[in-house]
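Engineer: If you're matching them up, the sequences are chains A and B in order.
Mind the numbering: the first sequence is residues 1 to 111 in the numbering used here, read in order.
Mind the numbering: the second sequence is residues 112 to 224 in the numbering used here, read in order.
It is worth saying that the hints were derived from the structure and are not from the lab.
Hints may be right or wrong, so weigh each one.
Below, computed lysine to any residue pairings styled on SDA-like, alpha-carbon distance capped at 25 Å [said to hold, decoys possible]: (1) A:K44 x B:L177; (2) A:K44 x B:E205; (3) A:K41 x B:P193; (4) A:K40 x B:N138; (5) A:K44 x B:L158.
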Amino acid sequence: DTAVSQTPKYLVTQMGNDKSIKCEQNLGHDTMYWYKQDSKKFLKIMFSYNNKELIINETVPNRFSPKSPDKAHLNLHINSLELGDSAVYFCASSRREGGYTFGSGTRLTVV
Amino acid sequence: DQQVKQNSPSLSVQEGRISILNCDYTNSMFDYFLWYKKYPAEGPTFLISISSIKDKNEDGRFTVFLNKSAKHLSLHIVPSQPGDSAVYFCAASESGSARQLTFGSGTQLTVLP
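Just chain A, with the same shape it has in the complex:
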């Protein structure tokens, strides 16, 4: 059983399109995150949700909108995709400090 699963694993799309990445965790964690790994390989936090409530929203274009229908799911919707959005996006969850479990990542390529 996959603890944190995100789909799709690969996503190739044209500029201007709207796309979503889904994330689900079956660990019973109360906090979920989206991280972006950029071209320099840094993992940077984008959003954090605790029990469906947004608690971290870093400086991310408002084209990116997280949605948490319940505490086991945190989806990422991106409007009007741009070339610079190409990156690997990781979903993660935690129950306590340090107990992060990451998904396997979604490689987004905008052409």
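Since the structure of chain A is already known, use the hints to place chain B on it.
Structural biologist: Chain B alone, transformed into the frame defined by chain A:
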């Protein structure tokens, strides 16, 4: 502004020898530090952590050392094994930060057989 820095993008070590991966940080509010390991096409997996009240934490072949005055931590792997070949990320957080982790850029470790 990179608050967590891993200045060596890559490291090669012979099997059986010690691997030492280094990490520096600038934010004096960080009080919890972690190392993650990442294989290609997989997400990072938690390896070992250390609280700022300690200067050493050991788990099997893995030991993390923390030097608060120098704002430096290191991960020692001994003996190194080919299966340890991966990218290692250093991460840090501060109390009350809603568990937000700040990551370094990673070091690619290659253990040569």
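Engineer: Within a Cα-Cα threshold of 25 Å, do A:K44 and B:L158 meet the stated pairing?
Structural biologist: Satisfied, since the Cα-Cα distance of roughly 19 Å is no more than 25 Å.
Engineer: For A:K41 and B:P193, compute the direct alpha-carbon distance and say whether it is at most 25 Å.
Structural biologist: At roughly 23 Å apart (the allowed maximum being 25 Å), B:P193 and A:K41 satisfy the hint.
Engineer: Please work out if A:K44 and B:L177 have their alpha carbons no farther apart than 25 Å.
Structural biologist: With Cα atoms ~23 Å apart, A:K44 and B:L177 stay inside 25 Å; holds.
Engineer: Given the hint that A:K40 pairs with B:N138, does the C-alpha gap stay at or below 25 Å?
Structural biologist: holds, 21 Å
Engineer: Measure nothing beyond the straight line between the CA atoms of A:K44 and B:E205; if it is 25 Å or shorter, mark the hint as holding.
Structural biologist: Since the Cα atoms of A:K44 and B:E205 sit roughly 16 Å apart, the hinted pair holds (cutoff 25 Å).
Checked against the numbered hints above, the structure breaks none of them.
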